[in-house]
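S.K.: If you want the building blocks of each chain, they are given just below.
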Amino acid sequence: MSSVTLKNIVKRFGSFTAVHRSSLEIAEGAFVTLLGPSGCGKTTNLRMIAGLLDPTEGEILIGGRRVNDVPIHKRNLGLVFQNYALFPHKTVAENVAFGLKYRDIPAAEIPDRVQSALDLVQLPDVGERYPKALSGGQQQRIALARAIVIEPDVLLLDEPLSALDANLREDMRVELKRIQARIGVTTVFVTHDQSEALAMSDQIVVMSAGKVEQVGAPEEVYNTPASEFVANFLGASNILDGRCTDRGGGTVTIEAPIFGRLSIPAEKAPNLAGEGAAKLVVRAEKLVLSTSEAGEGAVSVPATVETVDYQGQAVRYFVRAGETQLQAINMIDEHPFAEGSAVHLHLRPQDCAGLPG
Amino acid sequence: MSVEAREARQPWILLSPALTAVTFLLFVPLVFIVIYSFWLRTATGAEQVGFYLDNWREVLTDRFYRDILLNTLKIAAITTLVCALMGYPAAYFIARSNANKAMLLLLLMLPFWISYIIRTMSWINILGVSGAFNTFMIWIGIIDEPIQMLYNETTVILGLVHFLLPFMVLNVFVSLDGIDINLEDAANSLGATRWQAFVQVTLPLSLPGLAAGSLLCFVLGAGTYITPLVLGGPTDAMFANLVFEAIITQLNWPLGSALSLMLLVVLGVLVLIYNRYLGMAQLMKGLG
Numbered sequence: 001m002s003s004v005t006l007k008n009i010v011k012r013f014g015s016f017t018a019v020h021r022s023s024l025e026i027a028e029g030a031f032v033t034l035l036g037p038s039g040c041g042k043t044t045n046l047r048m049i050a051g052l053l054d055p056t057e058g059e060i061l062i063g064g065r066r067v068n069d070v071p072i073h074k075r076n077l078g079l080v081f082q083n084y085a086l087f088p089h090k091t092v093a094e095n096v097a098f099g100l101k102y103r104d105i106p107a108a109e110i111p112d113r114v115q116s117a118l119d120l121v122q123l124p125d126v127g128e129r130y131p132k133a134l135s136g137g138q139q140q141r142i143a144l145a146r147a148i149v150i151e152p153d154v155l156l157l158d159e160p161l162s163a164l165d166a167n168l169r170e171d172m173r174v175e176l177k178r179i180q181a182r183i184g185v186t187t188v189f190v191t192h193d194q195s196e197a198l199a200m201s202d203q204i205v206v207m208s209a210g211k212v213e214q215v216g217a218p219e220e221v222y223n224t225p226a227s228e229f230v231a232n233f234l235g236a237s238n239i240l241d242g243r244c245t246d247r248g249g250g251t252v253t254i255e256a257p258i259f260g261r262l263s264i265p266a267e268k269a270p271n272l273a274g275e276g277a278a279k280l281v282v283r284a285e286k287l288v289l290s291t292s293e294a295g296e297g298a299v300s301v302p303a304t305v306e307t308v309d310y311q312g313q314a315v316r317y318f319v320r321a322g323e324t325q326l327q328a329i330n331m332i333d334e335h336p337f338a339e340g341s342a343v344h345l346h347l348r349p350q351d352c353a354g355l356p357g
Numbered sequence: 001m002s003v004e005a006r007e008a009r010q011p012w013i014l015l016s017p018a019l020t021a022v023t024f025l026l027f028v029p030l031v032f033i034v035i036y037s038f039w040l041r042t043a044t045g046a047e048q049v050g051f052y053l054d055n056w057r058e059v060l061t062d063r064f065y066r067d068i069l070l071n072t073l074k075i076a077a078i079t080t081l082v083c084a085l086m087g088y089p090a091a092y093f094i095a096r097s098n099a100n101k102a103m104l105l106l107l108l109m110l111p112f113w114i115s116y117i118i119r120t121m122s123w124i125n126i127l128g129v130s131g132a133f134n135t136f137m138i139w140i141g142i143i144d145e146p147i148q149m150l151y152n153e154t155t156v157i158l159g160l161v162h163f164l165l166p167f168m169v170l171n172v173f174v175s176l177d178g179i180d181i182n183l184e185d186a187a188n189s190l191g192a193t194r195w196q197a198f199v200q201v202t203l204p205l206s207l208p209g210l211a212a213g214s215l216l217c218f219v220l221g222a223g224t225y226i227t228p229l230v231l232g233g234p235t236d237a238m239f240a241n242l243v244f245e246a247i248i249t250q251l252n253w254p255l256g257s258a259l260s261l262m263l264l265v266v267l268g269v270l271v272l273i274y275n276r277y278l279g280m281a282q283l284m285k286g287l288g
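Chains as they are written, first to last, in this note's numbering: chain B, 1 to 357; chain L, 1 to 288.
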């Protein structure tokens, strides 16, 4: 188990820069997620930590030791791929034992280690079978067992859940987190799925176009996005152009269309220095539709429901207030509002966030 | 007509042109050959229709035929081995090159645009007494007299390797190209060096392609008569040359038929053994 440090890392492929100069500190034992859309450089970062790619500039440290020149087979990392990458010509037990053969482990001890790894991923009885006889979810558990049985310093997970069915993905997410917590290995997880990132991570690194947009705990990244990109990528947000009119006394005042003047807590707009152009970020689920006016502590704006996107326990509305279309995700109380209904939008200022304009 | 009946008929309708061709161009002639092999050619040169085992007795007991058959299998085996050793690295290189894969495959197919006979004869211009190699060596003064390099077993094998190498490369390539590149990365991450990862993962997974390529090279090599005719000496005849000799030169169709059936059976047994252990599917992939 070790910390991972990326120092001033740059990765260029020819004239294309996949990762712009960035630094990253991953604490020992932490579960850190690199989150972003495809092509944002998250996998490039992971492959550089793994040793599958060499950084063009900068240093990579694992456990405080510079590993730029250490080949992949000497880095002692566990690597799990999206497509499992199990050896199809070897049994499950042979797959799991693969990494142990290259370590100073007495041959007699190998079967026990393999068995306890299979126990850990809750597939104790499949050792004699071949990977193709297992389901996708089972194969990914075996891939995980193969990666952790070598007691790696760092566990690297490259979109490990993306190839699984939706239901299985959520089960595996809990399972993966449980196993990681049990063995306490430093983990770098790459995904484009925000819900995976929010559910599993100690820290999320949001990336876009080769740059790090924000680093923070899931709640922090979700509630206080550092940029418009982060606000849009994690969850659904309404972003309104406005003006910051005042900062002080623990609050920031933003004047935005529709909602007028809102005083939001200063910590929800850390990058907003003072007066000037600003953006108001309103999470879709914080915008509540109602038949009546709001009570104390919330603003209320009349609007018309334009589109209803029914999702079972929740519903996504597109509403029009004046010239502006907004989206709102509400839990359903009895029946959803019908298209065309006149409603009131309720918004509590402390649920908003502010960004520089 | 019911839907089921129509659906049941459809494959046969689609297959009928090919089945017709196979029946009349392959199966019927083969039946003729089998029948011929039991006829007899009399001393006058006339063919005697009937059921005689004389040809088969001669083919199966004469040591001359046995020795040439064994020599043919030996040359085919050496050719296959050389093709495997030369073709595998080339196929690996093509399979692992990202940008130029299509271009490299095209280059590999390029020789097929030129007749195999022309390609074989080109070696005479390269290695012959007044060929490029000798002329160059005399010109730069390393030798005074041209070296006789042609018309021996080595040049036969050289010609066969030249002819068969693309088949080997293509088959191995198809096999390697189907292997998930992540497997080697996974093996590396688990502690295997690149060589260990190759031996443990890539090589075993590519064996079906290597086997398919080897079978093709062996069967095509063992059945050739052009290469020994063009590049071999008087003692380098291969088995198919005997068939050629019997049928074209001596006009002894019954004996030629028995000889060609014998080669067909030997190579057929090889294909059956291959099919028993590896299946034909891999071979089809390589040819497709």
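Incorrect hints may appear among the rest.
Straight-line Cα separation of at most 35 Å, DSBU-like style, residue types lysine-lysine; simulated pairs [stated by the list, open to error]:
hint: 1; chain 1: B; residue 1: K268; chain 2: L; residue 2: K101
hint: 2; chain 1: B; residue 1: K74; chain 2: L; residue 2: K101
hint: 3; chain 1: L; residue 1: K74; chain 2: B; residue 2: K211
Covered, in the sense of this in silico footprint (three residues per stretch, anywhere, with C-beta under 8 Å from a C-beta of chain L), are these stretches of chain B [unchecked claim]:
hint: 4; region: 76-84
hint: 5; region: 230-241
Keep in mind that the hints were calculated from the coordinates and are not lab data. Even glycine gets a Cβ: it sits at the ideal position worked out from N, Cα and C.
S.K.: Tell me if chain L covers the region 230-241 of chain B under the three-residue, 8 Å CB rule, please?
M.R.: violated (count 0)
S.K.: Are there three or more residues in the region 76-84 of chain B whose C-beta lies closer than 8 Å to some C-beta of chain L?
M.R.: Answer holds; 6 residues pass the 8 Å Cβ test.
S.K.: Taking only the CA atoms, is the gap from B:K268 to L:K101 under or equal to 35 Å?
M.R.: violated, 53 Å
S.K.: Regarding the pair B:K74 and L:K101, is the alpha-carbon distance no greater than 35 Å?
M.R.: holds, 31 Å
S.K.: Does B:K211 sit within 35 Å of L:K74, going by the straight-line distance between their CA atoms?
M.R.: Since the Cα atoms of L:K74 and B:K211 sit roughly 63 Å apart, the hinted pair is violated (cutoff 35 Å).
Going through the hint list in order, the structure does not satisfy hints 1, 3 and 5.
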